[in-house]
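Chains as they are written, first to last, in the working numbering: chain A, 62 to 363; chain B, 14 to 280.
Hints were generated in silico from the structure; no laboratory data involved.
Just so you know, not all the hints are guaranteed correct.
The calculated DSSO-like cross-link candidates involving lysine-lysine, where the alpha carbons are at most 27 Å apart (straight line), are [unchecked claim]: (1) Lys197(A) <-> Lys212(B); (2) Lys75(A) <-> Lys212(B); (3) Lys123(B) <-> Lys266(A); (4) Lys43(B) <-> Lys174(A); (5) Lys149(B) <-> Lys43(B); (6) Lys123(B) <-> Lys77(B); (7) Lys239(B) <-> Lys222(A); (8) Lys265(A) <-> Lys240(A); (9) Lys249(A) <-> Lys222(A); (10) Lys305(A) <-> Lys265(A); (11) Lys128(A) <-> Lys239(B); (12) Lys174(A) <-> Lys216(B); (13) Lys182(A) <-> Lys128(A); (14) Lys146(B) <-> Lys259(A); (15) Lys154(A) <-> Lys68(B); (16) Lys154(A) <-> Lys43(B); (17) Lys213(B) <-> Lys102(A).
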Amino acid sequence: MASGHRAQWKGFIKFGEVSCGAALYTAASTSDRITFNTINKATGNRVNRVFIDGETEDPVPKELQTKGFEIENGQYIIIDPEEVAATIPESNKTLEIEAFIPCSDVDDVYFDKPYYLTPDKMGGDAFVALRDGMRKSKVAAIARTVLFRRMRTVLIRPHGKGLIATTLNYDYEVRSSKKAFEGMPKLKIEGEMLDLAKHIIGTKKGDFDPATFDDRYEAALAELVKAKIEGRSLPKPKKVEVSKPNDLLAALRESAGLTKAAEGKPKRTAANANKGMGRQRAARGAAAKSAAPKAAPQRKAS
Amino acid sequence: MARPYWKGYLKLSLVTCPVNMSPATSESEKVRFHTLNKETGNRVVSQYIDSVTGKPVKDGNEAKGYARGENDYVILTEDDLDAVALDTVKTIDIEKFVPAESIEWVYLEKPHYLMPDDAVGNEAFAVIRDAMKADKVVGVSKLVVGRREKAVVLEPRGEGIVLWSLRFGEEVRPEEAYFEDIDEEADPDLVPLVQQLIKKKTKRWSPDMVSDPIQESLLKLIEEKKKALKPKKKTAKAKGAPASNVINIMDALRKSVADELKSRKSG
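Same shape as in the complex, but just chain A (with noise of 0.2 Å):
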């Protein structure tokens, strides 16, 4: 199956006492982004890498560097590739399911690489049975097996014809919600503001294909790169103007478009970065989607 890409992982899937043959293949790979070589300022030359002994400073050759824990400042314990390979368990190439959970109990920020799982040729059945159960029940799975030289937990859940599997990080990987959010103030929103709130969020609903959308970086960066070759200062970002508590209500009401542009003037100002295309914006309604991105004025990055 899946011919012409290479599988990542060959196994089996089993749940309760069925099991099949099935393969893990990379769902999504990363891009290159920029990268930027690394100069000597006082040169201007490109710099190379050697790794040195940090107290003899002499050069050290790869067959020579091991690995150590560092247990106290500066004392180490070194450890055998072959120590570290001893803690791995040995693998039953089974991802065997442990418990279905409901989807709305999944907590996603877990989430680390996605892997499309496919049946092999044998076991097509038992595998289409699974995915649509799991649909029809609204559960995901989890499965842990060791991939990859380490024990790994997945999320198995339906996708189209087929089943993802994503890798999930460890619980010391994660800090929960819960903890990040603690120290803020409970505040509730309620009447006007909310309303008023709900009713922007109506003018800008919408879909989204994540697969359309197009990275602008590089280009403003080749046009920052050339400004500072020819030698033009680089434009200053806009100062942003913060809605202050006391006008976050004339700020919703006029985003709403339920003030005219030409009242609250001053208040207006205050709460508004961009209040050209804020006048423009309110008056147009349900069509100002569109215009909500393009807020620098002179540039055009794509």
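Start from chain A and add chain B according to the hints.
Below, chain B alone, put in the same frame as chain A:
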């Protein structure tokens, strides 16, 4: 507490508030190994060498260079990079709202926690958050993250907002190529059986499900090695280490006294 790694503004139409953002995940608790020199037991460190002069590059002289031509680089400072002409460097302007759950999981790249950076923005932030919650929508915007401009999704959660950077279309491999041979329909007799099994095995989500037994074994291994090391170290210390320690303390004391005298003179 994690330090915020980005500060900027959250904007909905004419409402703007200062916010900060920090990643939801971190590798700081992971057992990490350093590279050591087998012969000396010292740490191996990397050093930059000028490719032409062959001399080590002084600290602080390393700069980012944009290749203009062969061996010709334009040096860019962090301030230069901040001046790149995109509002999305500093402002998350919510352009669109889409139903919650409508963004496919395969696009979710990295989660961050977004919160007000100043009390002045608490209420504006709460308005945006609560309105999304009430309407069961998530916000769509864009933001420059790691030298790319990415689509981001804002999802209200608790008192805060989870901001996901999304993968680019070209990064997600087309599923058709992988799933084309899989049957569309399952055997109708099998599905109810699977559902029964699901019912029996359904549990609530718990972070226990993502424990790392290998990390625990590694920590144990390190602990054992440490114990084995301790007595040996003590005898070694009797010769070398404490002496150097004493010298260090003496040095430190002398230096403190000298500093003290200096400041008294100048003061």
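Consistency of the hints with the structure:
1. Lys197(A) <-> Lys212(B): holds, 12 Å
2. Lys75(A) <-> Lys212(B): holds, 16 Å
3. Lys123(B) <-> Lys266(A): holds, 24 Å
4. Lys43(B) <-> Lys174(A): holds, 18 Å
5. Lys149(B) <-> Lys43(B): violated, 36 Å
6. Lys123(B) <-> Lys77(B): Judged against 27 Å, a Cα distance of about 25 Å means the pair holds.
7. Lys239(B) <-> Lys222(A): violated, 52 Å
8. Lys265(A) <-> Lys240(A): violated, 31 Å
9. Lys249(A) <-> Lys222(A): violated, 42 Å
10. Lys305(A) <-> Lys265(A): holds, 23 Å
11. Lys128(A) <-> Lys239(B): holds, 15 Å
12. Lys174(A) <-> Lys216(B): The given pair, whose Cα atoms are some 23 Å apart, holds under the 27 Å limit.
13. Lys182(A) <-> Lys128(A): Cα-Cα ~43 Å, so violated.
14. Lys146(B) <-> Lys259(A): holds, 10 Å
15. Lys154(A) <-> Lys68(B): Distance of about 50 Å is beyond 27 Å: violated.
16. Lys154(A) <-> Lys43(B): holds, 25 Å
17. Lys213(B) <-> Lys102(A): violated, 65 Å
Checked against the numbered hints given earlier, this structure breaks hints 5, 7, 8, 9, 13, 15 and 17; the rest are met.
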